[in-house]
Amino acid sequence: MSAGEHIAFRGRDERDLDTEVDYVVVGSGAGGATAAVTLARGGARVALVEAGAWRDPEDYPSSAYGGMRDLMEDWSAQVTRGRALWPVVQARTMGGTTVVNSAICVRTPDDIFEQWSREHGIDGLRTRVHAAQDRVEREITVEEVPVAARGRSNSLAKKAADDLGWSDSHYMRRYAKGCEGSGQCLQGCRTSKKQSMNLNYIPETRAKGGLIVSSAPVDRVLSEGTRAVGVTGRFVHPTTRAEGTRFRIRARKGVVVAASVTHSPVLLMRSGVRSPALGKFFRSHPGTGIFGCYDDNIDQNVGATQGWASIAFRKNPGLKLETLAIPPELVASRFAGGGTQLMRRLTEYRHVAMWCLAVRAETTGTISQSLFGSRPVVHYELNAPDMERFRQGMKLLAQQHFAAGAKAIIPGISGMPYKLTRDDVGLLDDAPTDPRRYVAILSHLFGGCIMGKDPQTSVVDSRGRVHGWERLTVADASVIPTNLGVNPQHTIMGLAMTFAEDLLGG
Amino acid sequence: MLVRSAIVLLYPRTDVLPGAEDCDLDAFLERFQRETTLLIWSGVVAGALLFQISPIFTVHVPLPASLLPPHLADRHADRISNSSIYLVRQAIFLVKLAAGLAWGADPVVRARFALPPMPPDPGTWRTE
Chain A
201 MSAGEHIAFR
211 GRDERDLDTE
221 VDYVVVGSGA
231 GGATAAVTLA
241 RGGARVALVE
251 AGAWRDPEDY
261 PSSAYGGMRD
271 LMEDWSAQVT
281 RGRALWPVVQ
291 ARTMGGTTVV
301 NSAICVRTPD
311 DIFEQWSREH
321 GIDGLRTRVH
331 AAQDRVEREI
341 TVEEVPVAAR
351 GRSNSLAKKA
361 ADDLGWSDSH
371 YMRRYAKGCE
381 GSGQCLQGCR
391 TSKKQSMNLN
401 YIPETRAKGG
411 LIVSSAPVDR
421 VLSEGTRAVG
431 VTGRFVHPTT
441 RAEGTRFRIR
451 ARKGVVVAAS
461 VTHSPVLLMR
471 SGVRSPALGK
481 FFRSHPGTGI
491 FGCYDDNIDQ
501 NVGATQGWAS
511 IAFRKNPGLK
521 LETLAIPPEL
531 VASRFAGGGT
541 QLMRRLTEYR
551 HVAMWCLAVR
561 AETTGTISQS
571 LFGSRPVVHY
581 ELNAPDMERF
591 RQGMKLLAQQ
601 HFAAGAKAII
611 PGISGMPYKL
621 TRDDVGLLDD
631 APTDPRRYVA
641 ILSHLFGGCI
651 MGKDPQTSVV
661 DSRGRVHGWE
671 RLTVADASVI
681 PTNLGVNPQH
691 TIMGLAMTFA
701 EDLLGG
Chain B
22 MLVRSAIVLL
32 YPRTDVLPGA
42 EDCDLDAFLE
52 RFQRETTLLI
62 WSGVVAGALL
72 FQISPIFTVH
82 VPLPASLLPP
92 HLADRHADRI
102 SNSSIYLVRQ
112 AIFLVKLAAG
122 LAWGADPVVR
132 ARFALPPMPP
142 DPGTWRTE
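If you read the protein sequences in the order shown, they are chains A and B. Counting in our numbering, the first sequence runs from 201 upward without gaps. Counting in our numbering, the second sequence runs from 22 upward without gaps.
Here chain A stands alone, though its shape is the one from the complex:
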């Protein structure tokens, strides 16, 4: 098969793009890229359509400003609607969020498949998803954070967790080849060590004859009755956001939607899919961080951005703990206060380590379309038990920091003292459970087009096929009906590969 083509932005003065392939895949993140390469390997002619631009490592920004401008959806401005305005973090670039995440690889836990079977009637996925995950690990390389790339923050966290006797404390396994610890995961790895989808599965899809279309947000899925027959949209310039010419890509065999947890449900809504479950059962792992203050230099930006994790508390109380390094640009706003008080606090930058919690939240929210325009709107507000988990996570992180030798912690909770020492850390027992008092983000998103047996309570079946439709499949985190309690990329890829294999097999 001859090598395929990449079509980037086309201005209004250029001709429309009108073509036909076997399968159109919407979205190039972990789900879309994996589905596309699987279909291409099976001999199908695939078009992979991405809303963002295609940036290679030499195009990646160095600064947080550049990261927000070039790689993130709307400068990371999307926030939850609820009492608290928590950012919903998603990328908009070829490779999707795999370009800006920390490439953390965790196999789908067995208990998740049991839960899916029990609560949603989904059976038969475990063996196939795990086999797909084995294949992904072999193909794009997964390694434990190398010793030389661990940095002081990750190493301290590991030692403290071990000293505390936590049952699971490990250096992360990540999709990376020879990580150098440049601390640039969040802006895209300019050293090409992180194995984001734009470095492997997308070029392979193209090499196998695929058509890659970038800067091309899809407006809607084209249909004949309830049969998906293609997609259409209009190019958008990567920097000016000016609209370009239209594109229309017809699909002889099917359309695979993998546009993200927020965009996939909204795209299906715009395309005429009517399901009582569409946009429902949105879930996440909301997270926040605690800084530990140390006598010695920590230099959190030296070493892997995220290198240590523990799932010792995944089931009870429902938490994942991990390290995260953020650059001075973001720490500056994360420290409380302003004026000379803020500047005094910033002098401590080299001495702080940020460790994070992600809550395996039970709360569900919704995704809907904005009244004006087609932007997704996320309604989500953590319930009281989840906020209690938040508080428990803060206490565990405080305990860990003190075990590592911190002199104080910075909890970052509005209304509480800026710093807490070991003696007054008990104040966290009474920390507020009002989400507005915390600086938090939603980084792992699930649901909106969930899998299930019953069309009344789910959008797709256990093969990702939209109930009541032909040739329309969803293959991203929006199909995941529960939260996982672990980082979702590996599960997304395992499901996408499985669904794509099903498409090839008829």
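Treat the hints with care, as some may be off.
If you want a taste of the chain B side facing chain A, the calculated C-beta under 7 angstroms gives, among others [said to hold, decoys possible]:
1) P33
2) D47
3) T58
4) I61
5) A98
6) S102
7) G121
8) T145
The hints are simulated quantities; they were obtained by calculation from the structure and are not laboratory data. None of the values given here were measured: they were computed from a predicted structure. For every residue, glycine included, the Cβ atom is placed at its ideal position computed from N, Cα and C.
Let chain A serve as the given structure and place chain B on it in line with the hints.
Relative to the frame of chain A, chain B by itself:
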């Protein structure tokens, strides 16, 4: 001017660290206004406006923040950033975030934190 003034008071120059005004702030704001979304820029302007008009509530002086004596302006910057009203805190947070993007990327600031200067963001993408 409104945004610049708020940022300078939120990130003042100290003996140890450069302030926002030492970080090519005007060029940054010009670029930021041009490149960011209307929604974000509007939020930053709204936050800066709030910062300017709120000293009556923080230091009990009926003057805009930029006309306050330095010690009161500094106290205002800290108090408004820690406001107990969530939306006020969020509005100021947005100004702090925007300012932090300029301040934290400055080579002098990074050098103080033992970090190398960053190469310019290429702003490029694959066109073929």
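Evaluation of the provided hints:
Hint status for P33(B) relative to chain A: holds, with the closest Cβ pair at about 6 angstroms, below 7 angstroms. Because the closest C-beta pair between D47(B) and chain A is about 15 angstroms apart, greater than 7 angstroms, the hint is violated. A hinted interface residue such as T58(B) counts as satisfied when its beta carbon comes closer than 7 angstroms to some beta carbon of chain A; here the least separation is about 6 angstroms, so the hint holds. A distance limit of 7 angstroms between C-beta atoms decides the matter here; for I61(B) the minimum to chain A is near 5 angstroms, and the interface restraint holds.
Proximity of A98(B) to chain A holds as hinted, the smallest CB-CB distance being about 3 angstroms (cut-off 7 angstroms). This hint holds: S102(B) has a C-beta 4 angstroms from the nearest C-beta of chain A, less than the 7 angstroms allowed. Of the supplied interface hints, the one on G121(B) holds, with its beta-carbon coming within about 3 angstroms of a beta-carbon of chain A, less than 7 angstroms. The beta carbon of T145(B) comes within 5 angstroms of a beta carbon in chain A, closer than 7 angstroms, and the hint placing it at the interface holds.
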